[in-house]
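J.: Residues per chain, in single letters:
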Amino acid sequence: MSAQTSPALYPTTGEPVAVNARRNRLGLWLCIISDATGVVALLIAYMYLWSLNVNNAWAPKGKNHWALDWPFWAIVAGTVLGTICMWWGVKGIAKGHTGRLMAGALLSSLIILVAFVGQIIQLSTFPFGPGDGAYASATFWLAIGTAIHLSLLTFLTTAIVGRTRAGRITQENHSHARLVAMWMTYVCVAALLGAIFTTVMKESPNSNAPTFGTFQN
Amino acid sequence: MSQTAVIHEQMAVPQPKQHGKPGGFLAHTNIFTGLIGGVVAAGVTYFIGDKLVPWGTQNADFSQVGLNALVFCTFVAWVIGFMAGIGAFAGPIRWALGHDLTHDDAEYMAGKGQGRMKYWKYTTDHKVVGIQYLVMALVLFGFGGFFAMLIRTELGATWREVFDPNFYNSLIGTHGIVMIIAMIIVVAGPLGNFIMPLMIGARDMAFPRLNALSFWLLFAAVPPLVLNLVMGGIRDGWTVYQPLGTQAPIGMIGYQVCIITFAFSTGIAGVNLITTIVTMRARGMTWARTPIFIIGTLAAAIMGLVWFPMFQYAQLLAASDKVIGTSFYIPQSGGSVWLYENLFWLLGHPEVYVIVVPATAGILELMVVFLRKPLFSYKMAVAGFAGVVGISAVVWVHHMYMTGFAPQAGYPFMLSTELISIPFGFLVLVMLGTLWRGKAWNRLPMMAVYAVIFDKIIGGITGVYLSDVPVDQYMHGSMFVVAHFHYMLMGAGLFAAMGVIVYWFPKMTGRMFDERIGKIGFWTAFLAFQVTFLSMFVAGLQGMPRRVLQFDNAFDISNWISTIGAYCIGIGMLIFLYAVITSWRNGKVAPSNPWGAKTLEWQTETPVPLENFPVLPVVTSDPYGYGIPDPYLKVEEELDQDDNETVGAR
Ligand code: HEM
Ligand SMILES: [Cu+2]
Chain A
138 MSAQTSPALY PTTGEPVAVN ARRNRLGLWL CIISDATGVV ALLIAYMYLW
188 SLNVNNAWAP KGKNHWALDW PFWAIVAGTV LGTICMWWGV KGIAKGHTGR
238 LMAGALLSSL IILVAFVGQI IQLSTFPFGP GDGAYASATF WLAIGTAIHL
288 SLLTFLTTAI VGRTRAGRIT QENHSHARLV AMWMTYVCVA ALLGAIFTTV
338 MKESPNSNAP TFGTFQN
Chain B
9 MSQTAVIHEQ MAVPQPKQHG KPGGFLAHTN IFTGLIGGVV AAGVTYFIGD
59 KLVPWGTQNA DFSQVGLNAL VFCTFVAWVI GFMAGIGAFA GPIRWALGHD
109 LTHDDAEYMA GKGQGRMKYW KYTTDHKVVG IQYLVMALVL FGFGGFFAML
159 IRTELGATWR EVFDPNFYNS LIGTHGIVMI IAMIIVVAGP LGNFIMPLMI
209 GARDMAFPRL NALSFWLLFA AVPPLVLNLV MGGIRDGWTV YQPLGTQAPI
259 GMIGYQVCII TFAFSTGIAG VNLITTIVTM RARGMTWART PIFIIGTLAA
309 AIMGLVWFPM FQYAQLLAAS DKVIGTSFYI PQSGGSVWLY ENLFWLLGHP
359 EVYVIVVPAT AGILELMVVF LRKPLFSYKM AVAGFAGVVG ISAVVWVHHM
409 YMTGFAPQAG YPFMLSTELI SIPFGFLVLV MLGTLWRGKA WNRLPMMAVY
459 AVIFDKIIGG ITGVYLSDVP VDQYMHGSMF VVAHFHYMLM GAGLFAAMGV
509 IVYWFPKMTG RMFDERIGKI GFWTAFLAFQ VTFLSMFVAG LQGMPRRVLQ
559 FDNAFDISNW ISTIGAYCIG IGMLIFLYAV ITSWRNGKVA PSNPWGAKTL
609 EWQTETPVPL ENFPVLPVVT SDPYGYGIPD PYLKVEEELD QDDNETVGAR
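Just so you know, the protein sequences line up as chains A and B, in that order. Be aware that the first sequence starts at 138, since it is given in the numbering used here, and climbs by one per residue. Be aware that the second sequence starts at 9, since it is given in the numbering used here, and climbs by one per residue.
Because the hints were derived from the structure by calculation, they are not lab data. All values derive from a computational prediction rather than experimental measurement. Note that beta-carbon positions come from the ideal geometry of N, C-alpha and C, so glycine has one too. One or more hints might be untrue.
Covered by chain B, per the in silico footprint, the following chain A stretches (three or more residues, Cβ under 8 Å) [claimed, not checked]: (1) 176-182; (2) 228-238; (3) 241-254; (4) 284-297.
Have a look at the derived ranges for each label pair, beta carbon to beta carbon [as the list claims (entries may be wrong)]: (5) A:Glu-152 <-> B:Val-143: 29 to 39 Å; (6) A:Glu-152 <-> B:Lys-25: 17 to 27 Å; (7) A:Ile-257 <-> B:Ile-589: 49 to 59 Å; (8) B:Tyr-127 <-> A:Glu-152: 23 to 33 Å; (9) B:Ala-562 <-> A:Pro-264: 36 to 46 Å; (10) A:Leu-289 <-> B:Trp-128: 26 to 36 Å.
Given only the sequences and the hints, what does the whole structure look like? Please build it.
T.: The structure is reproduced here in C-alpha cells:
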C-alpha cells in the first residue's frame with residue numbers, strides 16, 4: 138500500500154498522524170491543568186477546614202472515627218499498577234508488538250476496574266456519613282473525586298482494548314494509547330495527593346477553635 | 009481499508025471502514041431529539057425518584073437529602089438526556105469501538121449539504137458553532153435585559169412595592185448570572201469560533217467535535233438556571249454567598265447544575281481555543297505576526313481554563329451540602345463560608361478579565377483597521393495581556409475585605425489589585441499611541457472604540473477607589489460597586505462586543521450591517537447608559553445599599569433618573585437589535601473585504617467555503633502593514649517638512 142512509503146495520514150484531515158498526535162498531546166495537557174485546578178479546590182477545602190476547625194467540628198463525632206489509611210493507599214497502588222501496565226503496553230506497541238499493548242491494556246482495565254470497585258466499597262464503608270462534620274465532608278469528596286477519575290479510566294482503558302482489537306492502534310499511529318497512559322499518570326498523582334492529605338492531616342492543629350454561626354459564645 | 013478519500017483536492021488519504029451512512033448515528037439526531045431525550049430522562053428520574061425511593065417524602069432523617077436530591081438528579085438527568093439525545097455520546101462510543109470517522113463522516117458532521125438544518129444539529133464546523141454562540145448570546149442578553157427592566161421598574165417605583173421581595177432578589181441574582189454568562193461567551197464564542205480560525209489561516213478548530221460539545225453543554229446549562237425563578241429563586245445575588253445558598257429553596261439547585269455544566273463547556277472551549285491558536289497558525293505566522301485579537305483570545309482562554317474549575321467546585325460542594333448533607337459551608341458542623349467565598353472569587357476576579365480581555369483585544373484590532381495605522385507597540389500590548397493574566401490570579405481577596413476573612417490580608421491584596429493598573433496602563437498606552445495623530449474612519453466599529461475608552465476610564469478609576477481598603481469600608485455593598493462593575497462589564501465589555509460584532513458581521517452573515525439604524529441604537533444606549541450609571545454612583549456615594557427594594561427617600565431622585573436611563577438603554581438596544589435582524593435577513597450583500605483590512609479572515613471569500621481557504625495561506629509579514637510604522641515621524645525626519653496630506657493614511 139502507499140501508506141508504507143509516505144507517513145501515515147489522519148483520515149479526516151489528511152495531515153500526518155504525527156501532527157495530529159502533537160495537537161492532541163497539547164489538548165491533553167490543558168485538560169490535565171483544568172482538572173488539576175478542580176483537585177486543588179478539593180485539597181484547599183480539606184486543608185482550610187482542617188486548619189480552622191470551626192466550632193470544634195472538624196473531627197467526626199465520637200472517638201476514633203477517622204477513616205482507615207490503608208484503603209486510600211491500596212487504591213493508589215491499584216491505580217499505579219494499572220498505569221504501569223498501560224505504559225508497558227504502549228512501549229510495546231511503539232516497538233510493533235500489538236499483542237503487548239493488548240495484554241497491557243486488558244490488564245490495566247481489569248486492575249482499574251478493581252480499584253474503582255474498591256473505591257466504591259471504601260465510600261460505602263467509611264465509619265462516618267457525609268453529614269458527620271467537616272472532616273467527613275472533605276474526605277468523602279476526595280474519595281468521590283477519585284471514584285470519578287477511576288470510572289473515566291475504566292472507560293478509557295477498555296476503549297484502548299477495543300481500539301487495539303479493531304486494529305486502530307498500530308506502531309505508526311499509537312498516540313491515543315500513549316495519551317491515555319499520560320492521563321492515567323496524572324490520575325495517579327491526584328489520588329496520591331488525596332491519600333497523603335487524608336493520612337497526614339487528621340487531628341486539627343487548631344485547639345482554640347473559633348465559634349461561628351451558632352449564636353452561642 | 010483500501011478505500012481512499014481525496015481531501016482538499018490535494019491528496020488521496022487512506023480511509024477507515026465506513027460504518028453505515030456518513031454521519032452514522034448523528035444523521036438521525038438534532039435539537040429535537042435532544043429535547044426529547046432531556047425531558048424524558050428528567051421526567052423518568054423525577055417519577056422514579058418521587059414514587060419509588062423515599063426521597064420525595066421528607067421525613068425527619070431525610071430532611072436534607074429529600075427534595076434537594078430529587079431536584080438535583082432531575083436536572084442532571086436533563087443535561088445527560090439532552091446530550092445523549094443530540095448525539096454527544098456517539099463520538100466516544102465510536103472511538104471506543106474503533107469505528108473511526110471517515111472523511112465523509114467528518115464532512116457530514118461539519119454540516120455539508122444540510123442547509124439550515126445544520127444550525128440545529130451537533131455540527132462541528134467552527135462557522136456554524138460561531139453562529140450558534142452568537143444567537144445564544146443574543147437570547148441570553150434578551151433574558152438578562154428583560155430582568156434588568158423589571159429590576160429598574162421596582163427601584164424606580166419608589167412609592168410602592170412592585171414585586172414580592174423574595175422574587176425581586178431572585179430577579180437580581182438571575183439577571184447577574186445570566187449577564188455574566190452572556191458576557192463570557194459573547195466575544196470568545198461567536199468570534200473566537202467563527203473568526204479566530206480564519207484569522208490564523210486554519211481550516212477548522214483543533215478539536216471540531218469538542219467545539220460542538222462546548223456549545224451544546226452551554227445550551228443544556230441554561231434551562232435549569234432560568235427555571236430557578238419558578239422554584240423559589242436564588243435570593244442572594246449572582247454570587248450566591250453561603251450559608252444563604254445552603255438554606256435557599258430548590259431554585260438554587262438550578263443555579264448549581266447550570267454552573268457545573270457551564271464550567272465543563274468553558275473548559276472544553278478553552279482547551280480548543282488554546283490548542284488551535286498554539287498549533288494551527290498558518291505557515292509563517294510567527295507569534296510576532298499573530299493579530300492582537302488572537303493574543304487576547306488566548307489570554308482569556310488561559311484564565312478561563314485555569315480558574316473556572318474553582319467556581320465549578322465551589323458549586324459542586326454547595327450542591328453536596330444541600331444534597332448529601334455534607335458541611336463544607338455550614339459552620340455548625342465545621343464548615344466555613346469563607347471557603348466558599350475564596351473558591352468563588354478565585355475564579356470570580358479572573359473571570360471579569362475573561363470578559364474584558366477579548367473585548368479589549370477586539371477594540372485594538374478595530375483601531376488598527378479604522379485608523380489605518382500599525383498597532384502602536386505590539387509588544388507592549390502583549391506584555392499588557394500577559395501581565396493581566398498573571399496578576400489576575402492574586403487579587404481575589406479585594407472582594408472579601410469586609411467579610412472578616414483575614415483582615416491582615418487586605419493590604420497585600422490592595423497592593424496587588426492596584427498593581428494591575430500597570431499592565432492595564434500598557435493597554436491604554438497602546439490605545440493612545442495608536443490613536444495619536446491617526447485619521448479615523450468613523451464607522452460604527454470605530455465609535456465603539458471611543459465609547460469603550462470613555463467607559464473604561466470611569467470603570468477603572470472607580471475600581472481603584474474600591475481596591476483601597478479604607479475606602480471600601482464605606483463603599484462595599486453599595487450601589488457604587490454596582491455602578492463600577494457595570495461601567496466595566498457593560499460599558500467596556502458589551503459596547504466593545506457590539507463594535508466587534510458589527511465589524512465582523514459582514515464575514516459572519518454575508519451581509520452589510522445597517523449602520524444608520526445601528527448608530528441610532530448604539531448612541532441611544534450609550535448616552536442612556538451614562539445617565540443610568542452615573543446617577544447610580546451618586547446613589548452609592550449617598551450610601552444606598554445594593555440588593556434592597558425598600559430604601560430611604562433620600563435616594564429617590566437618583567433612582568428615578570437611573571430608571572429612566574435604563575428604559576432608554578432598553579430602547580437603544582432594541583433599535584440595535586432591529587438593525588442586527590434586518591441586516592442579517594436582507595442587508596446589502598457584503599463583499600469579501602468591505603473594510604480593506606489586512607488580516608487573513610478578510611482574504612477568503614464571503615460566504616466562507618466549508619474548508620475556509622482553497623489553499624492554506626502563507627504569511628510573510630505582520631498583519632498591520634498599513635503604510636510605514638510612524639508615517640509622520642519618518643516623513644518629518646527625512647523631508648524635514650510637515651506633509652500630512654500625502655501620507656495621511658487610507
Ligand atoms: C482597574 C481595574 C479594577 C479594579 C481596581 C477593580 C476593583 C474592584 C474592587 C475592589 C471590587 C470590590 C468592591 C466591593 O465589593 O466592595 C470590585 C468589584 C467588582 N468589579 Fe472591579 N475592578 C477593576 C476592574 C474590573 C473589571 C475590568 C471588571 C469586569 C469586566 C470588574 C468587575 C467587577 C465586578 C463584577 C465587581 C462586583 C462583584 C460583586 O460583588 O458582585 N472590575 N472591583
Ligand atoms: Cu475583582
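J.: If a hint holds in the structure, say so; if it does not, say that too.
T.: Hint check results:
1. 176-182: holds (count 4)
2. 228-238: n = 0 at 8 Å, threshold three: violated.
3. 241-254: Violated: only 0 residues of the segment 241-254 of chain A have a Cβ under 8 Å from chain B.
4. 284-297: holds (count 3)
5. A:Glu-152 <-> B:Val-143: 29 to 39 Å: Taking Cβ atoms as reference, Glu-152 (chain A) and Val-143 (chain B) lie about 32 Å apart, which means the hint holds.
6. A:Glu-152 <-> B:Lys-25: 17 to 27 Å: holds, 20 Å
7. A:Ile-257 <-> B:Ile-589: 49 to 59 Å: holds, 53 Å
8. B:Tyr-127 <-> A:Glu-152: 23 to 33 Å: Holds - the Cβ-Cβ distance for Tyr-127 (chain B) and Glu-152 (chain A), about 28 Å, lies within 23 to 33 Å.
9. B:Ala-562 <-> A:Pro-264: 36 to 46 Å: violated, 59 Å
10. A:Leu-289 <-> B:Trp-128: 26 to 36 Å: Given range 26 to 36 Å: holds, Cβ gap about 30 Å.
In terms of the numbered hints stated before, the structure departs from hints 2, 3, 9, listed from lowest to highest.
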